[in-house]
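Listed in order, the protein sequences are those of chains A and B.
Each residue of the first sequence is one higher than the one before, counting from 1 in my numbering.
Each residue of the second sequence is one higher than the one before, counting from 116 in my numbering.
FYI, nobody ran anything at the bench for these hints, they're computed from the structure.
Among these hints, one or two may not hold up.
[Stated by the list, open to error] Here are the simulated EDC-like pairs of lysine to aspartate or glutamate, each with C-alpha atoms no more than 16 Å apart in a straight line: (1) B:186 / B:159; (2) A:107 / B:159; (3) A:57 / B:216.
Here is how the chains run, residue by residue.
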Amino acid sequence: QQQVKQSPQSLIVQKGGISIINCAYENTAFDYFPWYQQFPGKGPALLIAIRPDVSEKKEGRFTISFNKSAKQFSLHIMDSQPGDSATYFCAASQNYGGSQGNLIFGKGTKLSVKP
Amino acid sequence: DTGVSQNPRHKITKRGQNVTFRCDPISEHNRLYWYRQTLGQGPEFLTYFQNEAQLEKSRLLSDRFSAERPKGSFSTLEIQRTEQGDSAMYLCASSLDDRVDYGYTFGSGTRLTVV
Chain A
1 QQQVKQSPQS LIVQKGGISI INCAYENTAF DYFPWYQQFP GKGPALLIAI
51 RPDVSEKKEG RFTISFNKSA KQFSLHIMDS QPGDSATYFC AASQNYGGSQ
101 GNLIFGKGTK LSVKP
Chain B
116 DTGVSQNPRH KITKRGQNVT FRCDPISEHN RLYWYRQTLG QGPEFLTYFQ
166 NEAQLEKSRL LSDRFSAERP KGSFSTLEIQ RTEQGDSAMY LCASSLDDRV
216 DYGYTFGSGT RLTVV
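Isolated chain A (complex conformation) (with noise of 0.2 Å):
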């Protein structure tokens, strides 16, 4: 059972367009939402992360939407370039007690920005 649904698989922009991924979860226990970005050949890296006692959090061009009821979270790249190019993961993990669990990912959205 996936218990993070990421869509698009891949994702095609125009240089200076908005990307947009989006992830879907089950499990409401879920309380810390990271995106993670990675090259190939490396490990991946915390881009932006999220809690859902707020509903958007934005850092630079990247921004989390999160809808809470709609148990669904999405990354919005802004002015997409083609330094952007990689593949993206979002992920959730819950609190057991005071101690956050491991992370669960997304399968990941591989996007192109085209110059």
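The hints should help you fit chain B onto chain A, whose structure is shown.
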């Protein structure tokens, strides 16, 4: 500290052989995780340590897999009697238990090919 270090970067082995991977986490991080990533998929959780204690193991971690973290420092992941299905990228990550919002720091992984 320059991050999480994994060795070797690549390993090719014949089916049935044993292999061992090493992970050196960020020194002040008390949590260490092992994930497996196959082509086109997100990282899948295998196991994690808090200091030297192995606190959780995924059902993906069959009896042929064993992980250790002696003295709460580096960790090793051993796969006995390798099978072709073990071919994957094995990722190590570390974090601070009470700084979950800082995310995991992943290493660049060990790519295992079983022939």
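Does residue 57 of chain A pair with residue 216 of chain B here, judged by a C-alpha cut-off of 16 Å?
13 Å, holds
| said: Would the hint linking residue 186 of chain B and residue 159 of chain B be met if the CA-CA limit is 16 Å? | reply: 25 Å, violated
Exercise. Decide if the proposed pair is consistent with the structure: residue 107 of chain A and residue 159 of chain B, CA atoms, cutoff 16 Å inclusive.
Key: 9 Å, holds
Consistency note: the structure conflicts with earlier hint 1 alone.
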